[in-house]
Amino acid sequence: MSGMTDFLENLGARVTGAVHRLGFASRFLLLTLRNSGLCFRRFSLVVREMYFAGVLSLIIILVSGLFVGMVLGLQGYDTLVRYGSSSALGVLVALSLVRELGPVVAGLLFASRAGSAITAEIGLMKVTEQLAAMEMMAVDPISRVIAPRFWAGVISMPLLAAMFSAMGVFGGYLVGVRMIGVDEGSFWSQMQAAVDFQEDILNGVIKSVVFGVAVSWIAVFEGYDAPPTAEGVSRATTRTVVTSSLTILALDFMLTAFMFRGD
Amino acid sequence: MPTIPATDNLVEVENVNFAYDTRQILKGVNLNIRRGQVVAIMGLSGCGKTTLLRLIGGALRPTQGEVRVAGKAVAKLSHEERFALRRRMGMLFQFGALFTDMSCFDNVAFQMREHTDLPEELIHDLVLMKLEAVGLRGAHHLMPSELSGGMARRVALARTTALDPMLIMYDEPFAGLDPLSMGVIVALIRRLNDALGATSIIVTHDVAEALQLVDYVYFMSDGVIVAPGTPDELRASDKPFVHQFVYGETDGPMPFHYPADDYARDLYATDAA
Numbered sequence: 000m001s002g003m004t005d006f007l008e009n010l011g012a013r014v015t016g017a018v019h020r021l022g023f024a025s026r027f028l029l030l031t032l033r034n035s036g037l038c039f040r041r042f043s044l045v046v047r048e049m050y051f052a053g054v055l056s057l058i059i060i061l062v063s064g065l066f067v068g069m070v071l072g073l074q075g076y077d078t079l080v081r082y083g084s085s086s087a088l089g090v091l092v093a094l095s096l097v098r099e100l101g102p103v104v105a106g107l108l109f110a111s112r113a114g115s116a117i118t119a120e121i122g123l124m125k126v127t128e129q130l131a132a133m134e135m136m137a138v139d140p141i142s143r144v145i146a147p148r149f150w151a152g153v154i155s156m157p158l159l160a161a162m163f164s165a166m167g168v169f170g171g172y173l174v175g176v177r178m179i180g181v182d183e184g185s186f187w188s189q190m191q192a193a194v195d196f197q198e199d200i201l202n203g204v205i206k207s208v209v210f211g212v213a214v215s216w217i218a219v220f221e222g223y224d225a226p227p228t229a230e231g232v233s234r235a236t237t238r239t240v241v242t243s244s245l246t247i248l249a250l251d252f253m254l255t256a257f258m259f260r261g262d
Numbered sequence: 000m001p002t003i004p005a006t007d008n009l010v011e012v013e014n015v016n017f018a019y020d021t022r023q024i025l026k027g028v029n030l031n032i033r034r035g036q037v038v039a040i041m042g043l044s045g046c047g048k049t050t051l052l053r054l055i056g057g058a059l060r061p062t063q064g065e066v067r068v069a070g071k072a073v074a075k076l077s078h079e080e081r082f083a084l085r086r087r088m089g090m091l092f093q094f095g096a097l098f099t100d101m102s103c104f105d106n107v108a109f110q111m112r113e114h115t116d117l118p119e120e121l122i123h124d125l126v127l128m129k130l131e132a133v134g135l136r137g138a139h140h141l142m143p144s145e146l147s148g149g150m151a152r153r154v155a156l157a158r159t160t161a162l163d164p165m166l167i168m169y170d171e172p173f174a175g176l177d178p179l180s181m182g183v184i185v186a187l188i189r190r191l192n193d194a195l196g197a198t199s200i201i202v203t204h205d206v207a208e209a210l211q212l213v214d215y216v217y218f219m220s221d222g223v224i225v226a227p228g229t230p231d232e233l234r235a236s237d238k239p240f241v242h243q244f245v246y247g248e249t250d251g252p253m254p255f256h257y258p259a260d261d262y263a264r265d266l267y268a269t270d271a272a
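Top line first, the protein sequences correspond to chains A and B. Heads up: the first sequence at position 202 corresponds to 201 in numbering that gives the first Met the number 0, and the numbers run straight through without jumps. Heads up: the second sequence at position 261 corresponds to 260 in numbering that gives the first Met the number 0, and the numbers run straight through without jumps.
It should be emphasised that the hints constitute simulated quantities derived from the structure, not laboratory data. Watch out, some of these pointers could steer you wrong.
Unchecked claim - Computed beta-carbon distance windows for the label pairs:
1. A:A12 to B:E119: 47 to 57 Å
2. B:D177 to A:I58: 35 to 45 Å
3. B:H123 to A:W187: 53 to 63 Å
4. B:E145 to A:I179: 52 to 62 Å
5. B:E145 to A:R47: 12 to 22 Å
6. A:T4 to B:P239: 47 to 57 Å
7. B:E145 to A:V126: 11 to 21 Å
8. A:R47 to B:E65: 34 to 44 Å
9. A:V126 to B:L117: 30 to 40 Å
10. A:R177 to B:F94: 55 to 65 Å
11. A:V54 to B:G70: 43 to 53 Å
12. A:V62 to B:E145: 30 to 40 Å
13. A:V126 to B:Q63: 26 to 36 Å
As the list claims (entries may be wrong) - Rough simulated footprint, nothing fancy, chain A against chain B, three-plus residues with beta-carbon under 8 Å:
14. 91-98
15. 109-116
Given the structure is predicted, the values throughout are model-derived calculations rather than measurements. Cβ atoms here follow ideal geometry from the backbone N, Cα and C, with glycine treated the same way.
All chains, full assembly: derive it from the sequences and hints.
Here's what the structure looks like:
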């Protein structure tokens, strides 16, 4: 009997703990948004962080995009050719990328490349008392350190997803048209005809913006909230990657359910 | 309303209590720090010294009592007023807390760029003057990771004094330094205090360095001030606590052991189980 009580108590404590933390994180997000004025008055602060979060993620994003596109080309052709519709390869590659794989895979890569770096950096700034020192110098760390990194992530994410998709389409073209020999004209013209700007591209961009907000929010919060020890920072970094990845996948399902209803 | 008497004190700590959750750290601390003086707050690790500094800087609020800096109750200030007060304070953190993504130059220039509209040429000259004062003008282009511990502490000192503060606080400024760097820091604290016309508070447990440097000392133990006095008075003090601390003796009123259960019972506890 006491085993059951312990279990329930434990479960209850975990649930209230999680809700408490979510509330804390939400207040932190509001605080970050409220203290974002400085970022936009001195946009160079955001640009600097965009270099670290965005530009330095380019290589992994572009290379992954190319390979994902090439694999799509191979697998797509293999299936389509059975139904004699291999000329629709361009449509399959483009729609898979702009609707799903672009935002989702770019989001996952961004979380593990840039999100973890943001968390570790902020956590270490806390450990080495840099944030406390900044506060003692009458400079608010939320506006000076947190907000620029948050906005840099939000702005970088859709741009990276777009580049991922573009590179993927190019990869699909390389494999489908150049290697396998699908007709180039129908590859591009069917793609142009089938991909709708609002339905497909805009929805993909909306997804990537939402993922950008989620990953950046989680990354800055985990960093700021990390216990100021080596173990604390390492755990926070891991949590950023795990939580953001799961959040991206869950949000993707919800957004897809709202956006594409097959009509 | 009674008027506050004009005093020569820059910092006044009046009957301050502070607790983290249920752990009582400060238990009714009273102290005054006069303008222009270099004052040390000394005591064992964990006796509440750093907490006291944080209360003076407004990073924490006392659970009871009042901390006044330049006549203003720090805990009652609004966010803006507190930040305005902090622009006139400097704090040197234990390991310098330099911003690791900026060069020494940018570290020292940080507050000037954040808080003033000075043209970049003027900032350039001011930063080099601040670095010259700590003897590191030649290192202005280095990153914090390229500095030794002592050098980092000196750059942090230059950064702390960037806006010519009226109050400089030092959190363990001598911790982990080699004797040479320690001597340099001791000399710099006194020189900068007198040159800037500032007031300095040093939190430390390095007795020898502190006593040769400061004008006045407050000894803290277990959350209260146990012995105030000038360095000479404390050296001559016959209070067992002060004597033990000043001369670094292991035997005295301060226990070597952390409070524990009966030794014999602890040892036999596993046998009985």
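Quiz item: When you take the CB atoms of E145 of chain B and R47 of chain A, is the distance between them in 12 to 22 Å?
Solution: Roughly 21 Å apart at Cβ, these two residues keep to the hinted range, so it holds.
Exercise. Please test the hint of 35 to 45 Å on the beta carbon pair from D177 of chain B and I58 of chain A.
Key: 43 Å, holds
Quiz item: Does the hinted range 52 to 62 Å hold for E145 of chain B and I179 of chain A at CB?
Solution: 54 Å, holds
Practice problem: State, for the Cβ atoms of T4 of chain A and P239 of chain B, whether the hinted interval 47 to 57 Å holds or is violated. | Solution: 53 Å, holds
Quiz item: So the hint says 26 to 36 Å: do the beta-carbon atoms of V126 of chain A and Q63 of chain B match that?
Solution: 31 Å, holds
Quiz item: For the segment 91-98 of chain B, do three or more residues have a beta carbon lying closer than 8 Å to a beta carbon of chain A?
Solution: It holds, with 6 qualifying residues against the three required.
Quiz item: With a Cβ-Cβ cutoff of 8 Å, does the segment 109-116 of chain B contain at least three residues near chain A?
Solution: Contact hint for the segment 109-116 of chain B vs chain A: holds, 4 residues under 8 Å.
Practice problem: Go ahead and decide if the range 47 to 57 Å is satisfied by the Cβ distance of A12 of chain A to E119 of chain B. | Solution: Between A12 of chain A and E119 of chain B, where Cβ atoms are some 55 Å apart, the hint holds.
Self-check item: Verdict for R47 of chain A, E65 of chain B (Cβ pair) under range 34 to 44 Å
Solution: Since R47 of chain A and E65 of chain B have Cβ atoms about 42 Å apart, the given range 34 to 44 Å holds.
Exercise. Kindly confirm whether 43 to 53 Å is satisfied by the beta carbon distance between V54 of chain A and G70 of chain B.
Key: 50 Å, holds
Quiz item: For the pair E145 of chain B and V126 of chain A, does the Cβ-Cβ distance stay inside 11 to 21 Å?
Solution: For V126 of chain A against E145 of chain B, whose Cβ atoms are near 20 Å apart, the range 11 to 21 Å holds.
Self-check item: Consistency of beta-carbon spacing, L117 of chain B to V126 of chain A, with hint 30 to 40 Å
Solution: 32 Å, holds
Of the numbered hints stated above, none is contradicted by the structure.
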